[in-house]
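K.L.:
Residues per chain are reported as follows:
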Amino acid sequence: MNRSFPLALLICLIVTTTPALAHSPIMGVGGVFGGVIHALLIPEHGLSLLALGLVLGRQRQATRRAGLLIFAAGLICGLVGAALTSEEMLAADVLLVATGILGLFVAALWMPPFLALPLAAVAGMTFGLDSRPDGISGVEAIRMLAGSGLGAVLALVIAGEGSVYLRGNTPLIAARVAGSWIAAIGIMVLSLRIVTRITVG
Amino acid sequence: MNLQATNRVAAAVAAATRHLLPLALALAATPAFAHSENGVAIDFWGGFTHPIFGPDHVIAMVAVGLWGAFLGAPAIWLLPVVFPLVMAVGGAVGVAGVPLPGVETGIAISAIALGAMVAFAAKPPLWIAAVLVGAFAIFHGHAHGAELPIGADAVAFSMGFVIATGMLHLTGIAFGGLSHWPAGRIAVRAMGGVICLLGFAYLGKFL
Chain A
1 MNRSFPLALL ICLIVTTTPA LAHSPIMGVG GVFGGVIHAL LIPEHGLSLL ALGLVLGRQR
61 QATRRAGLLI FAAGLICGLV GAALTSEEML AADVLLVATG ILGLFVAALW MPPFLALPLA
121 AVAGMTFGLD SRPDGISGVE AIRMLAGSGL GAVLALVIAG EGSVYLRGNT PLIAARVAGS
181 WIAAIGIMVL SLRIVTRITV G
Chain B
1 MNLQATNRVA AAVAAATRHL LPLALALAAT PAFAHSENGV AIDFWGGFTH PIFGPDHVIA
61 MVAVGLWGAF LGAPAIWLLP VVFPLVMAVG GAVGVAGVPL PGVETGIAIS AIALGAMVAF
121 AAKPPLWIAA VLVGAFAIFH GHAHGAELPI GADAVAFSMG FVIATGMLHL TGIAFGGLSH
181 WPAGRIAVRA MGGVICLLGF AYLGKFL
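Listed in order, the protein sequences are those of chains A and B.
Going by the working numbering, the residue at position 28 of the first sequence is 28; the numbering climbs one at a time, nothing skipped.
Going by the working numbering, the residue at position 197 of the second sequence is 197; the numbering climbs one at a time, nothing skipped.
I should point out that these hints are in silico values taken from the structure, not numbers from a laboratory.
Beta carbons are placed, not taken as given, at the ideal position from N, Cα and C, and that holds for glycine.
Be careful, since some hints might not be right.
[What the hints assert, rightly or not] Across the chosen pairs, the derived CB separations fall in these ranges:
1) W181(B) with R197(A): 21 to 31 angstroms
2) N169(A) with P125(B): 20 to 30 angstroms
3) V164(A) with A190(B): 51 to 61 angstroms
4) V131(B) with I194(A): 24 to 34 angstroms
5) L166(A) with G72(B): 46 to 56 angstroms
6) L41(A) with L170(B): 51 to 61 angstroms
7) P55(B) with N169(A): 28 to 38 angstroms
8) N169(A) with W127(B): 41 to 51 angstroms
9) G72(B) with I194(A): 31 to 41 angstroms
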């Protein structure tokens with residue numbers, strides 16, 4: 001065995017390590033489908049869709065449909081913004097705040113439309129802005145953003161229309177508990193992010 | 001002869017060290033987590049196991065569920081809803097580094113008080129139960145928040161952490177469901193007594 005082998009092996013192993021990205025696309029899955037998965041597998045995105053779906057599901061049909069459309073409109077604006085900008089924004093934090101408020105609404109089973117609809121707009125916009133995949137640019141990024149938008153709208157439709165059927169005592173209690181968990185996660189993560197930002201800079 | 005053998009062994013050890021040690025070190029390297037500090041993985045599993053590996057937390061969370069089931073509706077869902085919300089506020093205070101005196105003592109007292117409530121079949125007004133559970137949740141949240149590793153992102157960690165807490169409540173509620181039967185009622189109250197005693201044991205440890 002050559003003396004330089006251990007050193008060469010070490011160098012090879014170090015070189016082959018990859019950076020851990022918070023918003024990394026799923027390895028080997030790109031394009032529109034990759035975007036759909038990207039939209040659904042990021043925990044805070046999934047939580048926001050669940051919380052908004054639970055809130056919209058408790059609205060009347062016209063308000064619920066309006067909420068879906070408002071979310072979709074905000075999402076398109078956000079996705080366009082994400083495609084045009086490359087700088088890190090506070091979208092993830094604002095999305096988390098909106099998610100936490102929606103979670104509180106679900107926990108309290110108090111979801112007035114005059115608050116639910118603006119929150120749908122904020123959630124859509126920030127969801128789109130926060131969907132930019134790391135380390136990818138050009139046409140592939142646009143494909144993934146389109147996939148993210150498609151996945152988000154589909155998931156929200158399923159969550160919103162599905163939660164219409166949450167009737168009776170037990171499903172509503174489950175919804176309240178889920179809302180409290182979502183709000184709690186929002187509070188914890190937001191505080192951690194703020195402290196991290198202050199500490200790390 | 002002995003010297004030769006010793007030399008041979010020494011040479012073999014030196015060769016092994018030269019060739020195998022770098023390989024062993026490279027293989028022993030753990031993945032670089034984006035959201036970690038001091039080698040603690042801030043992922044869903046890390047968060048999920050965080051409350052479960054704290055027995056003092058576990059007994060208090062189970063007691064919340066037990067008491068909720070014992071009190072019946074709406075306490076059966078209100079207490080597990082209040083607890084994570086207030087716990088998150090306590091966690092935020094802990095994450096911010098704001099000191100809270102007697103956190104461990106407070107956690108032990110929470111097990112004593114909640115266990116005693118179940119053991120003595122106490123049925124105070126709902127708001128008193130909610131305030132009591134909320135007050136104790138501050139201590140639990142602060143302890144978790146203060147121990148939370150600072151990382152770039154911790155959504156998955158917090159999800160695991162909150163869901164594990166909820167699961168412990170559900171465990172208590174499930175066991176508390178036995179209180180519908182006379183023998184089960186005795187078992188639930190006995191469980192409350194055990195939690196209370198364990199709380200005293202933890203209190204003795206911290207004082």
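K.L.:
Going back to the hint list, which numbers does this structure go against?
P.N.:
1, 3, 5, 6 and 8
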